[in-house]
Amino acid sequence: MLGLIKRDITLALRSGGGIGLALSFFLLLVLFVPLSVGPDREILTRIAPGILWIGALLSCLLSLDRIFQLDAEDGTLDALATAPFPLTGLSSAKAFAHWATTGLPLTLVSAPLGYLLGLPSAGYLPLITSLAIGTMSLSMLGMFGAAVSVGIKRGGLLVSLLVLPLYIPTLILGAQTVTRTINGDNSGPTLALLAGLTLLTVAVVPFAASLALRANLR
Amino acid sequence: MFEIQNIDAMRGSRRVLSNVSFSLNSGECLILRGPNGSGKTTLLRTLAGLTPPGVGIIRVNPDEVVYAAHLDAVKPQLTVAENIAFWHSIYRTPQNGTLERFDLKDLAQRDAATLSAGQKRRLGLSRLHISGCKIWLLDEPTTSLDANHVTQFAQIINEHCASGGIAVISTHLDLPLRDAQSLDLTKFIPSALNQSDPFLDGIF
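Sequences listed follow chains A and B, in order.
Quick note: the first sequence, position 52, residue 52 per our numbering, numbers continuous.
Quick note: the second sequence, position 170, residue 170 per our numbering, numbers continuous.
Quick caveat, the hints were computed from the structure, so don't treat them as lab data.
No experiment lies behind these values; they were computed from the predicted model shown.
One thing to keep in mind: the hints can contain errors.
[Claimed, not checked] Partial chain A-side listing against chain B, Cβ under 8 Å, derived: (1) G3; (2) L11; (3) S15; (4) I19; (5) S24; (6) D78; (7) A79; (8) A83; (9) P86; (10) G89; (11) F207.
[To be verified] Straight-line C-alpha distance at most 27 Å; calculated DSS-like pairs for lysine-lysine: (12) B:K120 - A:K6; (13) B:K105 - A:K6; (14) B:K120 - B:K134; (15) B:K134 - B:K105; (16) B:K120 - A:K153; (17) B:K105 - B:K120.
[Unchecked claim] If we take Cβ atoms under 7 Å as the criterion, some of the chain B residues that face chain A in the derived model are: (18) A48; (19) I58; (20) V60; (21) D63; (22) Y67; (23) A73; (24) F86; (25) I90.
Every residue, glycine too, gets a C-beta built ideally from N, C-alpha and C.
Looking at chain B on its own, in the form it has when it is part of the complex (with noise of 0.2 Å):
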């Protein structure tokens, strides 16, 4: 379960969206569409808890949560198998056939920096599968995967929810995704009226 209710997610302190909630059960997944700039990244930064929201209140266990943001969190000086060996030892989960499953096996003993884009950000996402988490927050999961591994990071997202597991995902491109409901954000960018606080005015 993943409730969020009213929440105002803050970018600094403006305020980019406002009032937005949403509920999740066991096997949802809910992708969040928007033009750039609309606040998908911020509001999947708020809801990982590194932004606290405004106003609101989010209901998780933060231990849930696992959060692929655009940057791979990868280490190029590390091999792929021991960036692998470094989640796990972070998440304390037992080796589960990461490689495999994100078609790193051929790559395990290369040298991070040495992979390409789509590689690396295939490495990236692995961390979701060792992680063991129950909800995924996935920012434009599938920015430089090819077209062959879309479909497969597609196919491990609708696993992991019919496992039970929950996904959010920001993206632009069309998923191939069972059954998952869509949020669009622009209905929650709060109207200039509403910024003005006559509090603040003269602050800044």
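If we strip away everything but chain A, and leave its shape as in the complex, we get (with noise of 0.2 Å):
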């Protein structure tokens, strides 16, 4: 399994288009706002929380289609079917990957974007918290999304039309911890519930996925 992030790691690191496309994209998007709705700081600071979230969660829908697509098209897929390594652990290995590749530097540039947006000092602990919990889960959804369109070709439209809507809970737990950590309220909850979400996702979308998988190999 080990072997298999680090495979997968390599290319998104080699194959351009990985992890730079979403940096970009994510750098970009949030440079846009103050572009599109003014250099009013006060309205800048309110919004801050929800754009840099809605800018990650985009920033990873770009890359989800390319999870077993590249794989599939070049026999890989298939060839890791017939391995002795059971399919569950394929998808797990597989989120992480697009996790470590999107999620993480994306959680890691979130800061200096914050301080575009003139995110008040209190807000960059829980938006780096958040972000870098909230993101895994939305690697593992998008990783089912991928598992269920694998087989069709331009997938990566109608992946985003399955994962979006599961991305709500993620999307508001994720943008609460930070407003109400600026807003002096008590933030602890919707942490909890956010880090319980990506529990649950981490422990039960591999089995879902898997049945994608086998279900699309045939």
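With the hints as a guide, bring the two chains together.
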């Protein structure tokens, strides 16, 4: 399983369009917000948590359809499915590698981007914590969408349509964690719920994804 | 021991082959023959466990089976050595001289993207050796290999069978294999009469 994670991260680093695409999209999206709503500091400060979370979520979507598609096209997926390697392990490894190459870098650049939007200093710690935890569930759910649509050519749009509704709870809890901290409310419960949601997806989604893969390999 | 009893090979809802039976003991090699579209690939996918058979029984331990399909399962962004190391990590087998055996030693540090079709094919086939599995399922393994390497690969299959392995191969080319059995798939193609199912009529 470690071998698979290592290979996927190497592939994402070597074939451009993986990490760089998600990061530059995130950067541009966040930079466009002040251009469109104006430089009013008060408004920007208020919407910063939401913008950063939506930006991270949309950037995550960009590379979802590549999770299984490339392996399916060159026969690696068939070979992995017939190897003595459980499909649940394959799904988990794929989602983890996706998180390491999108969720993690997005989390790391969110702090400087938060500064650009004038995020209050109290907001940085909850922003980074909630993104680090929440993007893991985004990758897990996205991996499920990719597994469902693996046989379909140009399935990227379909993956987004399948996955976006599933992202709603993560988005609400993640953005609320930041907003509540900034407003001086107790953000503990929302962060705990977010962590619980992530743990649930980590535990359950690989099984659903392995069933979807099995059906698509026929 | 690899035993197939009365299986139907399905492609989607279509019955491609019906009532296929054979059994292979350790050291035996079976060549599947039949024209294009006669169901060789479908049968191999069924044997590999990718497609469940419509009916029938496949008696085999799935962990002992390795399947080499039309596609090579080679990652162009990785070097030859990295591709091999990856499959070793998946099958949890130690390095066992795969590079030498498949004549890839000089190519070890090359990106797989720069390989020729035949070299890529050899890298794809090396997965059989890496896996350490007993049962090899091969779908047109010699496509794009040159004559020398075809002989070399046949030798590898011979050695695999001599050491107690089993191979099921679909091929049009005559491979120089020792005592290979042959199975003509055309006799398993279901007649049009059997294909119509009164309960399915009108559904599609």
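* To do: Report the numbers of all earlier hints that the structure fails to satisfy, in ascending order.
  => Hints 4, 5, 9, 10, 11, 19, 20 contradicted; others consistent.
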